[in-house]
Amino acid sequence: MNIDHRRFNRVDLLEIAGRVDAATAVQLKQRIDALFDEGRYRIVLGCSKLEYISSPGLRVLIEARKRAREWKITDLEGGDIRIAGLPPRIKEVFDLTGFTSLFELYNDTIEAVGSF
Amino acid sequence: MHVLTVPADLDSLDAVGKYVVEAASQAGLDRKAAYRLRLAVDEIMTNIINYGHTEVGLTGDVIVRAAIEADTLTIILEDRARPFDPRERPEPEDLDRPLEERNIGGLGVYLALKGVDHFNYEYVDQMNRNIFVMYRPLQA
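As they're listed, the protein sequences go chains A and B.
In terms of our numbering, the first sequence opens at residue 984 and continues consecutively.
In terms of our numbering, the second sequence opens at residue 4 and continues consecutively.
Mixed in with the good hints, there may be bad ones.
In silico lysine-lysine, DSS-like type, Cα no more than 27 Å apart, as pairs [stated by the list, open to error]:
id, chain 1, residue 1, chain 2, residue 2
1, A, Lys1032, B, Lys117
2, B, Lys117, A, Lys1049
3, A, Lys1012, B, Lys21
The hints are simulated quantities; they were obtained by calculation from the structure and are not laboratory data.
Work the whole structure out from these sequences, hints included.
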């Protein structure tokens, strides 16, 4: 797994490439937690180069989503984990697990970054 | 296909994944089916490593076999940890419930069992055998 980080004014974009499995999920968690530690809670995960994700990775996403959403500026504005460019094979896993309704999904990273 | 023997260690997940993808390719599975099979094997392999070995301080190998028959592709994982039948794990609670109330501990097994056409488990000769079967598409 490889993660590229780009910082924008309001939003941080993590582009994930490769595999997120039981061996690598902890690295993803550390990258997201590091953003939280800096007070950055508006995060887009770019997934167009994500080849594979198994349940330890899904768990990282769920926990991150919860923490991000706990951060609020107003009732209408706050933190979130939003997902861009999910490949169809992985979208199928999201559908199977009910994740599709839990996350805001976007076709591409520009749309997702702009959504905040 | 050749038999793959790897240590029961998370570093082996990649090699097992590649082996399954190669088997799926040889069997002519489409990409979605190949992905589901890989995910299923990976989830069960992760449990074998974490719960069968690391948590109880056991070291050992996992043997991975692939058999391509006329209409099916079968992948078998064999290990010598204590007997554990993944089917005895309860399914995750209602997936529509709010996340904060949900126990997602069984998510991996759920994905494994839902993703393949047939799953079987047996304990023979002091060995766990997790068996994954996918139907092969009709060849043109």
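Results of checking the hints against the structure:
1. Between A:Lys1032 and B:Lys117 the CA atoms are separated by roughly 25 Å; this keeps the pair inside 27 Å, and the hint holds.
2. Our distance criterion of 27 Å between C-alpha atoms is met by B:Lys117 and A:Lys1049, whose separation comes to about 26 Å.
3. A distance of roughly 24 Å separates the Cα atoms of A:Lys1012 and B:Lys21; the hinted pair therefore holds under the 27 Å criterion.
This entry satisfies every hint, going by the numbered hints stated previously.
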